[in-house]
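Here the protein sequences line up with chains V and B, keeping their order. Take the first sequence: its position 144, counted from the start at 1, is 152 in the working numbering, and no numbers get skipped. Take the second sequence: its position 229, counted from the start at 1, is 237 in the working numbering, and no numbers get skipped.
No wet-lab data here; the hints were simulated from the structure. Misleading hints may appear alongside valid ones.
Taking lysine-lysine and the DSSO-like style, the derived pairs with C-alpha atoms no more than 27 Å apart in a straight line are [what the hints assert, rightly or not]:
#: 1; chain 1: V; residue 1: K254; chain 2: B; residue 2: K18
#: 2; chain 1: B; residue 1: K254; chain 2: V; residue 2: K334
#: 3; chain 1: V; residue 1: K132; chain 2: B; residue 2: K132
#: 4; chain 1: B; residue 1: K241; chain 2: V; residue 2: K254
#: 5; chain 1: B; residue 1: K18; chain 2: V; residue 2: K154
#: 6; chain 1: B; residue 1: K132; chain 2: V; residue 2: K241
#: 7; chain 1: V; residue 1: K254; chain 2: V; residue 2: K237
#: 8; chain 1: V; residue 1: K254; chain 2: B; residue 2: K358
#: 9; chain 1: V; residue 1: K391; chain 2: V; residue 2: K358
#: 10; chain 1: B; residue 1: K254; chain 2: V; residue 2: K18
#: 11; chain 1: B; residue 1: K339; chain 2: V; residue 2: K254
#: 12; chain 1: B; residue 1: K154; chain 2: V; residue 2: K241
#: 13; chain 1: V; residue 1: K339; chain 2: B; residue 2: K254
#: 14; chain 1: V; residue 1: K358; chain 2: B; residue 2: K254
Protein chains: 2
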Amino acid sequence: MPQINEAHRKSVGPLEMPPRLLLGPGPSNAHPAVLQALGLRQVGHLDPSFLNMMSEVQELLRYAWQTENRITIPVSATGSAAMEATIANIIEPGEVMLIGNMGYFGNRLEDMASRYQADVRTIKKPWGEVFSLDELKAAMEEHRPKVLALVHAETSTGARQPFEGVGDLCKQYDCLLIADTVTSLGGVPLFIDEWGIDLAYSCSQKGLSCPPGASPFTMSDRALEKLSKREGKVPNWYLDMSLVGKYWGAERTYHHTAPINMNYAIREALRLIAQEGLEARWARHQSTAELMWEGLEAMGLEMHVPKEFRLPTLTTVRVPAGVDAKAVTSKMLNDYNIEIGNGLGELGGKVWRIGLMGFNSRPENVVTLLAAMERVLAEVGYKK
Amino acid sequence: MPQINEAHRKSVGPLEMPPRLLLGPGPSNAHPAVLQALGLRQVGHLDPSFLNMMSEVQELLRYAWQTENRITIPVSATGSAAMEATIANIIEPGEVMLIGNMGYFGNRLEDMASRYQADVRTIKKPWGEVFSLDELKAAMEEHRPKVLALVHAETSTGARQPFEGVGDLCKQYDCLLIADTVTSLGGVPLFIDEWGIDLAYSCSQKGLSCPPGASPFTMSDRALEKLSKREGKVPNWYLDMSLVGKYWGAERTYHHTAPINMNYAIREALRLIAQEGLEARWARHQSTAELMWEGLEAMGLEMHVPKEFRLPTLTTVRVPAGVDAKAVTSKMLNDYNIEIGNGLGELGGKVWRIGLMGFNSRPENVVTLLAAMERVLAEVGYKK
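So that you can see chain V by itself, here it is in the shape it has in the complex (with noise of 0.2 Å):
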């Protein structure tokens, strides 16, 4: 046997981590349940008593997601992994994929589709803005698209994209819906089926209250049979649906082991939603925001978006003229345990990105960010 390299035998103690409370735009604070459920010891991923749990996810998702589609499922990896296995499934080489790109989510899901060689076209908005119904229908007729993807809440600008409409226009040129849902279930009205979406993704570590690690991901019966038409195999084997659904589904058949204890979380959260009651959940976010926002504008600070397409789980507030964006939240972070977000891509230095999502979003939480940024803003020299 070879001599055993000591080299990088670290010393290290136990993990301890410092105790912040994460506003910015995800991860959020899981729910103290959910963390405890994480934890429990596991059973195999194959035991009676884990299949029955799939179940129970699956119908809890359905309900959170309001949508009756039977695959709707967690993808065993995090948010991005859901975006592309929505793609990975749907889109065969050289078919025209039309992305609304209204900022950094955009950007990634353009990359994506390009990788699965979609013939992709893009029409796009200024970061904070939205698209407008007429905009999506000029859009379908000029590129006749297989597949739309929309991006319902961007994390990048905090803007709501509305679906209202926008399912029915799909229908009509015969092309599949996609939605990225990632800052928006859990925290938002947010309807699958009503709304006409044929896929949807989104994480466990927003809305949802959950660590990352596990990614919510449906896909209708319009989708299934688009996917069971393929030419060839989908050319992800972790992502494929005609797989990993048959793993989720009555045939139970092994495709790869499932992140038990992730699972063990989602349920958790997922069980609280519905103990919570969806109205009564995305009223309280909508009312935890508004708190926010006043007490921001009472401090002469400004939103980036308008109110009528503002997130209620993710607000982007513009960076004062004169102040440094990056030494507020670094001053947050290090002399208060606050984490916000800086700008990315086009807003970068420009906004903060503030997240209440799930658990996070209560007035606690607020008026303790809303104190601590009056001192930091005060200590950078910013005034009112």
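Could you slot chain B onto chain V? The hints should help.
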């Protein structure tokens, strides 16, 4: 707003799962300290404390795998995704990939490689056997592959493929070497650099005693060079190491949100390995397995793999004539809360698969298993 559909608003209580002892092919029970780390409150995925922890994880993983590779990280998904990451990054369409298929996971490699348009060539062994260096040399001479993939520890058969000399053989033919170490990392002697392995993958839920959901992946500088010279983008966004590597490297460029808590857990699991030391850990796995083999043999049972190539982490035990294999696994689970595995594929109905991995590799588990097996076998009519 549309009416909320209450049909799927399932009312369930907090999760209660049976207290299983997981002695199947995996997952194996997590170490209690790992479960504790898993349930810690989160920080953000770009928090300085998290970035520091990521460095620790990489360093500890280099020790466990015995490698100096810069790219040595947990992929943000389960083991099959780490398997797919090796292929997705390294194969370009039309390149010859040679797969040593000696079990279920060889089949999976073939399926994945074909999705990435490799020119797949296969050499096969009956399930339970391994390849000799001469056989590998002859196949290299015949197929002249760009990439050779071998399974170090075949979870479906319990066989350990020797790697001595294989790396040199690959260098001689200017070929990259992939190793599946899913059931060997943390339990079986394994030397990535000494053996000249270019890409390897594993999982967290076996020898590391961590829940599934973050999966070790490593690639050598030779492999990185091939990646950097690709004609097109990696056809898998989530697993593209030219992007993922920048998040884990000095740049810390945002790619996807890492599964925070799974990384807490894997850090603790790897910390426990560094604390125990590889030599002691490998010796413990070997002696615990031998204790079980002796006990099973004393009951008149036969091991499927000759001792020379038998894994200490996963043992295939032949089902005696006249015994209903599944009746035994069901009784073990239902009457004693002990999970052991059924045979897969060619070995379906012919063997049981018993794992003694990581935290579960302890004499007390062996005596528990033997006592329960003896009773269950008697109940189904087995006589020595």
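A quick look at each hint next to the structure:
The hinted pair formed by K254/V and K18/B meets the criterion: a straight-line CA distance of about 23 Å does not exceed 27 Å. For the hint linking K254/B to K334/V, the alpha-carbon distance of about 21 Å falls within 27 Å, and the restraint holds. Distance hint between K132/V and K132/B is unfulfilled; the C-alpha atoms sit about 52 Å from each other, more than 27 Å. Annotation: proposed proximity of K241/B to K254/V is violated, straight-line Cα distance about 30 Å (limit 27 Å).
A threshold of 27 Å between alpha carbons decides the hint, and for K18/B with K154/V the separation of about 35 Å lies outside it, so the pair is violated. A distance of roughly 24 Å separates the Cα atoms of K132/B and K241/V; the hinted pair therefore holds under the 27 Å criterion. As the CA atoms of K254/V and K237/V are separated by approximately 17 Å, the hinted pair is consistent with the 27 Å bound. Restraint check: the Cα-Cα separation between K254/V and K358/B comes to about 25 Å, which is no more than 27 Å; the hinted pair holds.
Proposed proximity of K391/V and K358/V is supported: the alpha carbons are some 17 Å apart, at most 27 Å. Using a Cα cut-off of 27 Å, the hinted pair K254/B and K18/V holds, with the two alpha carbons roughly 23 Å apart. With a CA separation close to 26 Å, the supplied pair K339/B and K254/V stays within the 27 Å bound. Restraint check for K154/B and K241/V: satisfied, since their Cα atoms lie roughly 23 Å apart, inside the 27 Å limit.
A threshold of 27 Å between alpha carbons decides the hint, and for K339/V with K254/B the separation of about 26 Å falls inside it, so the pair holds. Note on K358/V and K254/B: the hinted pairing holds, with a Cα-Cα distance of about 25 Å set against a maximum of 27 Å.
Consistency with the previously given hints fails for numbers 3, 4, 5, ordered from lowest to highest.
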